[in-house]
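First residue of the sequence shown? That's 1 in full-length UniProt numbering, and the numbers climb one at a time after it.
It is possible that some hints are incorrect.
Simulated crosslink set (BS3-like; lysine-lysine; CA at most 30 Å straight-line) [as the list claims (entries may be wrong)]:
no., residue 1, residue 2
1, Lys25, Lys12
2, Lys67, Lys99
3, Lys56, Lys25
4, Lys20, Lys67
5, Lys73, Lys44
6, Lys56, Lys73
7, Lys46, Lys25
8, Lys44, Lys25
9, Lys56, Lys46
10, Lys67, Lys56
To be clear, the hints were calculated from the coordinates, so they are not data collected in a lab.
No experiment lies behind these values; they were computed from the predicted model shown.
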Amino acid sequence: KKHDGTGSVQDKVIMVSRNKLYDQKLRSLLQNANAQLIETSNNKSKALWNLINSEKQSRQPSQFYLKLNINNKTVDNPVEVAEYLNTYFEQIAEITLQKNNQQQRDNGLQEEQALTVSPI
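Put together the whole structure using the sequences plus the hints.
Printed below as a string of structure tokens:
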């Protein structure tokens, strides 16, 4: 994306135009390939329906479900998985801070001696 670097309106217009031409060329090539497939097929109806079904399937989002093992129990309900992950990520920062503070005390470090970074 050349226009991103230059910020030029002219570069953006050229990029949009080239993207449009590229998309049209790809669409044309796909249409020609599909037409050729149907023309050379012994069973044109079946070839056509195979194309329709493959296009339809490629546009549908894939069904992917996450399964978690929580306390030796498999959870596959998307809402429960989302709730568990939300709770986990809400709490992990606080748990990590508490563990780090405990390690500093165990190592004999005072909180005042802890390394801090600040802008100059």
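These are the hints, each one checked on the structure:
Proximity of Lys25 to Lys12 is assessed by CA-CA distance (about 20 Å); at most 30 Å being required, the pair is judged to hold. Simply put, Lys67 and Lys99 have alpha-carbon atoms about 28 Å apart, close enough for the 30 Å limit, and the pair holds. Restraint check: the Cα-Cα separation between Lys56 and Lys25 comes to about 21 Å, which is no more than 30 Å; the hinted pair holds. Distance check on the hinted pair: Lys20 and Lys67 sit about 41 Å apart at the alpha-carbon level, beyond 30 Å; violated.
Pair hint Lys73 plus Lys44 does not hold up; C-alpha atoms about 51 Å apart against a cutoff of 30 Å. The hinted pair formed by Lys56 and Lys73 fails the criterion: a straight-line CA distance of about 37 Å is larger than 30 Å. A threshold of 30 Å between alpha carbons decides the hint, and for Lys46 with Lys25 the separation of about 27 Å falls inside it, so the pair holds. A hinted pair counts as satisfied when its Cα atoms are at most 30 Å apart, and Lys44 with Lys25 qualifies at roughly 25 Å.
A hinted pair counts as satisfied when its Cα atoms are at most 30 Å apart, and Lys56 with Lys46 qualifies at roughly 15 Å. Proposed proximity of Lys67 and Lys56 is supported: the alpha carbons are some 27 Å apart, at most 30 Å.
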